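Enquirer: Take a look at the letters that make up each chain.
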Amino acid sequence: QVQLQESGPGLVKPSETLSVTCTVSGDSISNYYWTWIRQPPGKGLEWIGYVHYRQSAIYNPSLRSRFTMSIDTSRNQFFLKVTSAAAADTAIYYCASGGPYPVAYLPWFDPWGQGTLVTVSS
Amino acid sequence: QAALTQPASVSGSPGQSITISCTGSSSDVGSYDLVSWYQQYPGKVPKLMIYDVNKRPSGVSNRFSGSKSGNTASLTISGLQAEDEADYYCCSHTRSYTYVFGPGTKLTVL
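Note that the protein sequences, when read in sequence, are chains A and B. According to this note's numbering, numbering within the first sequence proceeds without interruption in unit steps and concludes at 129. According to this note's numbering, numbering within the second sequence proceeds without interruption in unit steps and concludes at 245.
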């Protein structure tokens with residue numbers, strides 16, 4: 008049973024870089040696609056992108072320029088970085104599995120981590 | 136990317152059936168049978184309820200079903216129960232090989 012756990016800074020100042028880590032346990036990170044999803048307080052879900060170590064990351068075209076996903080197979084972790092953070096980036100950041108590799112399309116987002124709240128404020 | 140639309144809220148009485156719609160376009164919902172639905176209780180993590188339009192993951196009640204017609208996908212909950220009161224989000228694959236969520240629908244059980 009794959010389990011995911013996010014970790015993040017909690018508070019980031021505007022214009023700084025926001026970094027979130029997702030640690031995967033229960034299986035090799037190489038066997039799945041991995042995705043990031045965020046949810047501003049009181050609002051809906053926003054898909055950020057997905058990554059697999061054998062493929063280039065795919066991003067929400069509305070967010071692409073400031074967002075970077077990466078993966079470290081040796082530590083079974085994957086990462087999200089958001090540069091030039093702004094108040095609008097305040098959200099709960101979730102990591103989730105996008106299904107087994109390889110497939111043509113991600114069938115689902117499951118399971119999810121518990122989420123980590125990142126607040127962008129001075 | 137283009138947005139999906141969902142009703143902001145729906146309601147029903149215990150035992151009734153309700154349907155939540157998710158309308159997209161020929162660039163997403165209409166092109167692929169790759170719509171999923173997520174249930175989220177306040178302050179909790181979203182839970183996968185339906186994938187590939189109409190498939191239920193193990194452990195999800197068969198009171199939940201999904202369907203699609205043209206550019207609109209639907210989630211139907213039959214035999215409504217108080218525990219079904221939650222927010223529901225649809226998600227679709229797009230032609231750009233990206234994914235998009237709907238804005239969410241708040242289900243109230245009267």
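Please keep in mind that the hints were generated in silico from the structure rather than gathered at the bench. Since this is a predicted model, take the numbers as computed values, not measurements. Watch out, some of these pointers could steer you wrong.
To be verified - In the DSS-like style, the derived pairs of lysine-lysine whose C-alpha atoms are separated by at most 27 angstroms in a straight line are:
id, chain 1, residue 1, chain 2, residue 2
1, B, Lys203, B, Lys241
2, B, Lys203, B, Lys190
3, B, Lys241, B, Lys179
4, B, Lys179, A, Lys50
5, B, Lys182, A, Lys88
6, A, Lys88, B, Lys203
7, A, Lys20, A, Lys50
8, B, Lys182, B, Lys203
9, B, Lys190, B, Lys179
10, A, Lys50, B, Lys203
11, A, Lys50, B, Lys182
12, A, Lys50, A, Lys88
13, A, Lys20, A, Lys88
14, B, Lys241, B, Lys182
15, B, Lys241, B, Lys190
16, A, Lys88, B, Lys241
Enquirer: Now tell me if each hint is right for this structure.
Expert: Against the structure, the hints:
For the suggested pair lysine 203/B and lysine 241/B, the alpha carbons sit about 20 angstroms apart, so the restraint of at most 27 angstroms is met. Distance restraint check for lysine 203/B and lysine 190/B: the Cα-Cα separation of roughly 12 angstroms lies within the 27 angstroms cut-off, and the hinted pair is therefore satisfied. Of the supplied pair hints, the one linking lysine 241/B and lysine 179/B holds, its CA atoms being roughly 14 angstroms apart against a limit of 27 angstroms. Note on lysine 179/B and lysine 50/A: the hinted pairing holds, with a Cα-Cα distance of about 13 angstroms set against a maximum of 27 angstroms.
Straight-line distance between C-alpha atoms of lysine 182/B and lysine 88/A comes to about 25 angstroms, which keeps the hinted pair within the 27 angstroms bound. Under the criterion of a C-alpha separation no larger than 27 angstroms, the hint pairing lysine 88/A with lysine 203/B is inconsistent with the structure, at around 36 angstroms. For the hint pairing lysine 20/A with lysine 50/A, the CA-to-CA distance comes to about 22 angstroms; that is within 27 angstroms, so the pair holds. The straight-line distance between the Cα atoms of lysine 182/B and lysine 203/B is roughly 20 angstroms, inside the 27 angstroms bound, and the hint therefore holds.
Distance restraint check for lysine 190/B and lysine 179/B: the Cα-Cα separation of roughly 23 angstroms lies within the 27 angstroms cut-off, and the hinted pair is therefore satisfied. At most 27 angstroms may separate the alpha-carbon atoms for a hinted pair to count; lysine 50/A and lysine 203/B meet this at roughly 26 angstroms. For the hint pairing lysine 50/A with lysine 182/B, the CA-to-CA distance comes to about 16 angstroms; that is within 27 angstroms, so the pair holds. Distance check on the hinted pair: lysine 50/A and lysine 88/A sit about 21 angstroms apart at the alpha-carbon level, within 27 angstroms; holds.
Taken as a hint, the lysine 20/A and lysine 88/A pair is honoured in the structure, with Cα atoms around 14 angstroms apart against an allowance of 27 angstroms. This hinted pair checks out: lysine 241/B and lysine 182/B have alpha carbons roughly 15 angstroms apart, not beyond 27 angstroms. For the hint pairing lysine 241/B with lysine 190/B, the CA-to-CA distance comes to about 22 angstroms; that is within 27 angstroms, so the pair holds. Under the criterion of a C-alpha separation no larger than 27 angstroms, the hint pairing lysine 88/A with lysine 241/B is inconsistent with the structure, at around 31 angstroms.
Against the hints set out earlier in the document, violations occur for numbers 6, 16.
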